[in-house]
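Go by the hints and put chain B onto chain A.
Order-wise, the sequence lines are chains A and B.
The numbering of the first sequence is the numbering used here, which starts it at 1 and goes up by one.
The numbering of the second sequence is the numbering used here, which starts it at 201 and goes up by one.
Be aware that a few hints might be false.
[To be verified] Below, computed lysine to aspartate or glutamate pairings styled on DMTMM-like, alpha-carbon distance capped at 20 Å:
{"id": "1", "chain 1": "B", "residue 1": "K251", "chain 2": "B", "residue 2": "D205"}
{"id": "2", "chain 1": "A", "residue 1": "K167", "chain 2": "A", "residue 2": "D186"}
{"id": "3", "chain 1": "A", "residue 1": "K132", "chain 2": "A", "residue 2": "E149"}
{"id": "4", "chain 1": "B", "residue 1": "K251", "chain 2": "A", "residue 2": "D135"}
{"id": "5", "chain 1": "B", "residue 1": "K251", "chain 2": "A", "residue 2": "E126"}
{"id": "6", "chain 1": "B", "residue 1": "K251", "chain 2": "A", "residue 2": "E87"}
{"id": "7", "chain 1": "A", "residue 1": "K132", "chain 2": "B", "residue 2": "E310"}
{"id": "8", "chain 1": "B", "residue 1": "K350", "chain 2": "A", "residue 2": "E60"}
{"id": "9", "chain 1": "A", "residue 1": "K132", "chain 2": "A", "residue 2": "D193"}
Keep in mind the hints are simulated off the structure, nothing from the lab.
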Amino acid sequence: MQSLYVDADSWMHRASPRLKLGSLAVLGVALFATTDLRILAVTLLAGGVLYLNVGMTWREALRRLQPVLLTIAFVTLFSLLFNPWHEAAVTVFRLVTLTLFAATLTATTTIAAFVDEITWAATPLERIGLVKAADIGLTVGLVVRFVPEIVGRYAAIREAHEARGLKIRLRTVLVPLVILTLRDADNIAAAIDARGIRRH
Amino acid sequence: MSTRDLVLSALFAAIIVALGLLPPISLGVIPVPITAQSLGVMMAGVVLGGKRGALAALIVVLLVAIGLPVLSGGRGGLAVFAAPTAGFLIGWIFAALVTGYMSELLVKPEQSSISQGIGFFIASVAGGVVVLYAFGIAYLALAAHIDLSKAFFGSLAFVPGDVVKAVVAALVGRAVMAGYPLLPQRG
Chain A
1 MQSLYVDADS WMHRASPRLK LGSLAVLGVA LFATTDLRIL AVTLLAGGVL
51 YLNVGMTWRE ALRRLQPVLL TIAFVTLFSL LFNPWHEAAV TVFRLVTLTL
101 FAATLTATTT IAAFVDEITW AATPLERIGL VKAADIGLTV GLVVRFVPEI
151 VGRYAAIREA HEARGLKIRL RTVLVPLVIL TLRDADNIAA AIDARGIRRH
Chain B
201 MSTRDLVLSA LFAAIIVALG LLPPISLGVI PVPITAQSLG VMMAGVVLGG
251 KRGALAALIV VLLVAIGLPV LSGGRGGLAV FAAPTAGFLI GWIFAALVTG
301 YMSELLVKPE QSSISQGIGF FIASVAGGVV VLYAFGIAYL ALAAHIDLSK
351 AFFGSLAFVP GDVVKAVVAA LVGRAVMAGY PLLPQRG
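With the rest of the complex left out, here is chain A:
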């Protein structure tokens, strides 16, 4: 599984992740505070320029956004049935602008940087005893490590079905998949504890 980070070198890549996330949050609020189509058009253009200069080909850049843009288009058409066109236009501009800036952020920030930011943001929660901030990185690592194994397990279960001439049904595939995967939990937990990874 490849991350959505685009390995290039631009001023956006070099900017601090905290600054970028903060700006995105502020932008989100600002976008919903204005209904002036001209301002929204400017922000939309700015977002487009930034996103298309992140280091991807334009085709790849648009391909990534295709599902989100389709959803926005669908919802806008739906809202056009009930709202005047000005409102629908404002909605489209807002959502697409937000999408472009969000996608730019994702493309210019590595997963490690994100995990660092979230770990830092979780330290106040650690003080109240809700989470251990270091667990966040561990958890992300665990999931990424085990997804291929689970996909492999699914393939094995599917082959077992075919070998027995059974049709592949969700019910008969999911149950072994879940049980076999979760049975590993004790061993994995023991391995983690044996290495003292959670010994904060």
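Same frame as chain A, now just chain B:
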């Protein structure tokens, strides 16, 4: 949180991610193949209970946020949260929470198969349909600037598919409880 609980939640998050990578599977009864990822969220609740199920869903949402293409179709990144359907993603956390806690309350190992199945089904619908759609519709109305009632009726078309998923989740929950019970008991 014990290491075992953390690992269970992480493994189930991995299952949810894997379900997004798999091609749609057919149910057997209905000829239309469905994507199993949202089914995975309901399963997290019925198998692991409220706390760990919600944590599994939270982990998946986190993975999306940090830029991994874990949603079905290879979607991921912060752009997903800008979409008007983002409420249906964030709602996963609360759906798993409600499904899980209701499963803990309603389903006991001593009950008959049918009672367990019904209990898990009610829990899956309560979480995976009622709570999930509450979040999805609320955010949809907010982000797309439509009336709550319009957003509600617009989303209704997807409910039958999710009710079918609730049935599958109930069957899976029952079978896992028989084979490898992990559901905490409560109430």
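Failing hints, ascending? When the structure is compared with the hints, numbers 2, 3, 6, 7 and 8 turn out to be violated.
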